[in-house]
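K.L.:
One-letter residues, chain by chain:
There are 2 protein chains.
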Amino acid sequence: MYKINGNYANLKESYLFTDIAKKVANYAAANPDKKLIKMGIGDVTQPLIPEVVEAMKKAAGEMGSKETFRGYGPEQGYGFLREKIAEYYLTQMNVQLDADEIFVSDGAKSDIGNFTDLLSDDNVIVVPDPVYPVYVDSNLMLGRRIEYIYGNESNNFLPLPDEKTTGDVFYLCSPNNPTGAVFSREMLRKWVDFALKTKSLILFDAAYEAFIREDLPRSIYEIEGAKECAVEFCSFSKTAGFTGTRCGYTVVPKALKIDGMSLNKMWLRRQTTKFNGVSYVTQRGAEAVFTPSGLLNVRKTIDGYLENAKIMTKTVREKGIWFTGGVNSPYLWIQCPDKMSSWEYFDFLLNTYQVVGTPGSGFGKNGEGYFRLTAFNTKENTIEAMKRISK
Amino acid sequence: MYKINGNYANLKESYLFTDIAKKVANYAAANPDKKLIKMGIGDVTQPLIPEVVEAMKKAAGEMGSKETFRGYGPEQGYGFLREKIAEYYLTQMNVQLDADEIFVSDGAKSDIGNFTDLLSDDNVIVVPDPVYPVYVDSNLMLGRRIEYIYGNESNNFLPLPDEKTTGDVFYLCSPNNPTGAVFSREMLRKWVDFALKTKSLILFDAAYEAFIREDLPRSIYEIEGAKECAVEFCSFSKTAGFTGTRCGYTVVPKALKIDGMSLNKMWLRRQTTKFNGVSYVTQRGAEAVFTPSGLLNVRKTIDGYLENAKIMTKTVREKGIWFTGGVNSPYLWIQCPDKMSSWEYFDFLLNTYQVVGTPGSGFGKNGEGYFRLTAFNTKENTIEAMKRISK
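For the protein sequence lines, the chains are A and B, in the order given. Sequential numbering from 868 applies to the first sequence in the working numbering. Sequential numbering from 868 applies to the second sequence in the working numbering.
The following block holds chain A by itself, in its conformation from the complex (with noise of 0.2 Å):
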């Protein structure tokens, strides 16, 4: 007989999309005359650039014909996408990588999913909270012991290590979702520090590195000494709208080694004989991303997702609310007023201003009491949502 494993059936179903959908469809049926505005959506509303669509449309051509038609790939990703990400981090981070440390993958999430198959199941694996709940589901089903820091006003909500932190492979995320919240140089610093003290591996989410405007690093390789403790997940999901186009990347460095194991090597094996690749025609789309006017447009449409994020921060400082992201992230986390609870303010902001966000206790409960809007929105329905707020 065969036996399932045992961790699923530990792990919580999380209600809380489920839930928020249900109150906003309750609400729409019983006021049918009002116009809501979503905010709480972690997803781009913006379509494709136009470099990237003509290159989909002429890769798609392509393998219409005998001549260029092409089979499988190679598992990492093609050369040309690949080497044209090592050209990104160099000229906009002043990273230098390898094509051969860049694997590219149908999205973070994914990766960030599998990349703890290279790891022993009796690793101590510690996550920030809030967090992006993939990071804890993705390693409950292994059966993996979790521990949490602890992220709050006083921190900014980025905590840092400190002589009782202890454990084996850490999560971070800057800019951070839910709370749009990013690490200085300094902090990331201190991190990097830790980690290579302690012979500890860092897993660090930059899926919103796009979205940086001011000088704070983009990536954690801009920190020496990263490519030991460090692997690093991207995708082209919210720098270029690819979340429906599915298209992301992870940096392996070869200098990240332990026990003399690479574990570059072990990621390439690991992708060899569990992925075949990414659709070529997806491949010639994110090369698109990174033409000069590809560049400028991707850029372009981040400026109007911040712009939003902008106006919604200037409303919530005039109301004097606590705040912490809005600059350099699409996400504005906010402290609930006069006390509410994550679920009062939701339903309050739903009923009085039919302005639907996301309860921060969704995200873990230091997340209590906090609650994200996201700036993935028109100009338009931002302005008027902010105007309905500030009443």
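Just so you know, these hints were derived from the structure itself, not from any lab. Being a predicted model, the structure only gives us computed values, none of them experimental. Fair warning: there could be bad hints in the mix.
Because identical chains cannot be distinguished in the list, a pair is counted as satisfied if it fits within a single copy or across any two copies.
Straight line, CA to CA, 27 Å or less: simulated DSSO-like cross-link-like pairs of lysine-lysine [stated by the list, open to error]:
id, residue 1, residue 2
1, K1186, K1232
2, K1141, K889
3, K1141, K1124
4, K870, K1132
5, K1141, K870
6, K889, K1206
7, K870, K1066
8, K889, K1121
9, K1121, K1141
10, K925, K1167
Fit chain B to the supplied structure of chain A, relying on the hints for placement.
P.N.:
Using the frame of chain A, we list chain B on its own:
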């Protein structure tokens, strides 16, 4: 200090295709005037059909417009595609499936590799020898015990269970890679009865089902009771030339339960946590395979490959060489003549006839003394290669 998954150190590097490439490159360098014919690769060579190309271009265009842009889709695939796959099962195989028993993914290799996440590590895994190496390696990575059932001439490389057969999870592949042999209904019936009786799980790889033209089962669900003991993996790779376009699907019937746990629900949980769905553009391309002219055109492409296989079997039969496959499959599995080993025959074919195949020993110890030839070539090349061998 973090600890790696020590099972990776136990993996053997596979040098099969590297060694083949080296030998071929050396020969080509020494004999620049000789024309090589490659019959070794398991990759399609014909372009995507026009229906697929047009659908992908149209979908790429939609992604570039604000009104029709799509962000995150359902992790398990869009309803429009899952319903078409269900209809394909019903009309082509008389198998009734609900759309929510079908999970769209980036390919069968990913799903075959990831599905055993749902199983505990103390299951005994049984794989046929010779075998597609992914079955073995993906389990070795988890430190699982693997046992083999042997294919040979007396069972036509289609081993069946008997009273002595033990194990928990059984991989079956039909039409088989590498041998091209296909299970009959009676044979699959024996496997299903065995699995039901012993509460074993069958992982059925149907990647080559579209090559079946005789009255043989294309899905394990054609066998009564299979929904209670089998998961089926399939793909557009060989059906519609998607090896570089990346789209597959896995069927996890709702009737498949063990210890009160539904594998369908577990797989949904795994995919929603560690996967973010397939590109919208790709899914629209896959959908176009199921239009009336799409089905006709992919059939024509496969007809071409099957015609090549027929040319190959004719030559091999005339030479009096034992073989299997070559009908209902793109693979021909032949016994090396004159008691040559697989690599001796490889060298002989390369040096004498400039024909490149795959040594059977690369697929397991029971492949020694056998050789795989593939029909993924042009008709002209296939005829030319057989002419040379006939001499």
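K.L.:
Against this structure, judge whether each hint is valid.
P.N.:
Against the structure, the hints come out as follows:
1. K1186 to K1232: within (25 Å within a copy, 74 Å between copies)
2. K1141 to K889: between (37 Å within a copy, 25 Å between copies)
3. K1141 to K1124: Intra 22 Å, inter 25 Å, cutoff 27 Å: intra and inter.
4. K870 to K1132: Between copies only: 16 Å across, 31 Å inside.
5. K1141 to K870: For K1141 and K870, both the intra-copy (22 Å) and inter-copy (21 Å) Cα distances are at most 27 Å.
6. K889 to K1206: within (24 Å within a copy, 70 Å between copies)
7. K870 to K1066: Cα proximity of K870 and K1066: across copies only (10 Å, versus 35 Å in one copy).
8. K889 to K1121: between (47 Å within a copy, 26 Å between copies)
9. K1121 to K1141: both (21 Å within a copy, 25 Å between copies)
10. K925 to K1167: both (24 Å within a copy, 25 Å between copies)
Taken one by one, the earlier hints all hold for this structure without exception.
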